[in-house]
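Peer 1: One letter stands for each residue in the lines below.
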Amino acid sequence: MTMEPALKLVGDYGARYESAIDLKRVEEMHRPLYDEETAISADGNVAAAIPFLQWWRAIIMAGFPITPATKWLEHLAAQTMGGHFDVEVQGRKVRTKRVKQLEAEHAAADWLAGAAAASRDLVFGTATSSVGLDHMTETLRSLGASGLGNVVVVNVCRATANYPLCIEGDPSDTLGHRDDGFIQVMCRGKQQIYDTLLQLPAVGMHPDVMTPTMPAYFGIKDSHRSARLIVEPDQKVNAFLDEALALGQQGTHPPGLLDGDTSLGNCVTSAWFQSFKVGQKRRIQAALEVLPKVAALFQERFGRPGLQLFEQHRMDDAEVALVCLGPDAGTVLQLLPDLRRELEMRIGVVVLRLLTPFPSQAFAKALSNVNAVGVVNEAHHHGRGHLTLDVTEALSESGRHPPVESFFCGMGGADVSAETWRAIARATVQAARTGKVSQRWHIVHEGVEL
Amino acid sequence: MARPLPTFKEHALREDAFVEGHALCPGCMEAVTFHEVGRATDNGKKTVLTLGTFCGEVSTLMYPNLISWGRGPQSPELFGKSLGVMHNVFESSPTIAEAVRDVATVLEGVGAWKAPSPNVVALSGDGGALAIGLRSLLHTIQRRARIAIFVQMNEVFANTGFQFSPTALPFADSSTAPGGLPEDPIDHVGLAIAAGAAFVAQGSPAFAPFFAEVAEEAINTSNGTAVVFVPSPCIAGWKFEEGLTAELGKLASQTGLFPCFRKRAGEPGEVKHVPEKGKRPPVEQYLVKQRRFEHLARLVDGEIRVTPGREGDLAKLQSYADRNVERLKKWAAF
Ligand SMILES: Cc1ncc(C[n+]2csc(CCOP(=O)(O)OP(=O)(O)O)c2C)c(N)n1
Ligand code: SF4
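Protein chains in written order, with the working numbering: chain P, 101 to 550; chain Z, -5 to 328.
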């Protein structure tokens, strides 16, 4: 056996045999998909799949089909079986990249846990949606606390309750899983999906963070509609990830099952449990510090904006803020000049990106001058809405209490039309003028209150 | 198999990987099994263990107690003695083991893993494998994952207080089915074979050489999944006297309730350590040593006393034992 004597004790995690896995070799065996920057037409699922084909660190992707996430898996299956990733090693054909079919989403999540624990230098992912995400819940929550930041669960948002079954997109799945312990990031548009994927493992695997990530985008509205996508060359993609991973302090990388004498997933009594939670909370909060650093490096390397806590549109002089997420933001952004004029109020828009940990302080700061907020929830909630609660909490933490109007629309992927946005803006402007909300929540469709 | 399997003596002299610090009940068969798994994996290959949630996990991975798995710190030259262990959720030990194997396979394929192919071993309770985890067990087998799975058959959910499990013998008392239920338990051996396991065995460490052979064969199986069902007398749940663990392990086979069995796919298997019908100890001999069956029969002054009115139920248990042996013979020939 050709084991170089390089054994390292890593904090509480156990011993790591540095040369047990020859990562350089894995990297060398990667067959690049793109040699140069290329503009293609892609839907959201393909945009989210391509990074896994480009990363040498992604050797196996797990899957179980569910609309509207299925094409992520189908694309990877077609690409990895197509011969491009086959290499010859000592006369044998070896597939360097594979898709792993599991029998259920629960199994896919379990598989991710095992694979990510096997080697913590590699990146393992799957894509799912709705009840598929729910079916993973048991292991998602374990993963959220596991420290396995090299797990990426792509969630293609879809209405999650099956009574009635609806396969179109709303973020009730992602929002229903905010306490699972993942770093959840919402995307809109194919480029944002692709760029987000390129950056997230660097956030999740940072030794201060060590938390799995869950990028999300809307089913159908983003997953199934194609647009222009700039794909970066593999060489740049991988160099960026390496460089971004090195933003973490060196030497604290924990061992995996294959390259370490280590144990994961121990049990504890109440006397010890909370100290683990202190660590988990600290790690997920650290994402608020790490994410901007990764984003800055991304912007430097690729010239496009990196990850943001949230997008701000005309917020510099805004008296009223509309808060939303996902692809329907596009409509209100187009309407914004008209709305400002029609309603004679300086309206700004905040599009949420980082859902957990919710960037409360930065958010409250961005809204420190507005007189009313309208929050657009596109997911069923028992009360005023998931996002409304986050927004209200962030504002009250900062000591400000502008009226927060709460809206439900777009549920089950329903169209959020210009008329709906007008109604939302009108009610929020009204709240700014009267200083109070008109009702606990509004349910709006095609501009009509239901 | 590439190399001949080690002899019983060679096996017995190997280094254990189940060390002090565990909190299993004194008299729990699982401890014996784990020592055997430890020895079988001391074969120069790196070992990865995955555990479901069961007594064998909560009693061996309890922070901040010593982790009771491993062979101590190793120098890099002894990488083959090192051990990684992971628990995820109740029903997932086959799947997470499969994942570790999958990663190792790709790394080996591209030449990034220079050490011998690792041992990947899943441990589970029978509830974890055959009740909540039947899906994961059967599908890991169906995908021919190259892992060995040891299922501890104690017929109850012991960890949570001895609740009913679908592996329970008819009329075995449990905390959620007082007095037991009349149905035959799930045919675990048959399910594993039907799902396509490369090697299926049932054996108690009470038959030490047989169990050592089976454990070695399971860990050295390289063409698919090896599944070993280990009848595991549970002193706390079955309520038997101290010192009877091995005896009950033997009787479980001899009565036909849990006969020793082994079979490689495509080859005839064998049913062992169970005498022919007529020469078998009647099931009462086994049952009266455990208070979980005291509502059916008890020992009074050394004599078996069947509870009046329960003769039919005893006959049903005897019939299950006899049918079970015949069924296993059929599976052996499958
Ligand atoms: C999803 C889920 N349901 C229930 C439990 C509670 N639980 C933990 S261990 C266990 C029983 C384990 O039984 P078995 O696999 O037979 O192992 P044993 O404890 O008997 O060794 C149960 C019900 C759990 N951990 N997870
Ligand atoms: S309760 Fe039973 S299975 Fe659990 S440790 Fe005790 S004897 Fe073993």
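The hints are simulated quantities; they were obtained by calculation from the structure and are not laboratory data.
One or more hints might be untrue.
[Said to hold, decoys possible] Below, a list of computed lysine-lysine pairs in the DSSO-like style, where the Cα atoms sit at most 27 Å apart:
(1) Z:K324 / P:K193
(2) P:K124 / Z:K108
(3) P:K193 / Z:K108
Source: prediction; values computed, not measured.
Peer 1: Decide, hint by hint, whether the structure agrees.
Peer 2: Cross-check of the supplied hints:
1. Z:K324 / P:K193: Not OK: K324 of chain Z and K193 of chain P at ~40 Å, beyond 27 Å, violated.
2. P:K124 / Z:K108: holds, 13 Å
3. P:K193 / Z:K108: holds, 18 Å
Checked against the numbered hints above, the structure breaks only hint 1 and satisfies the rest.
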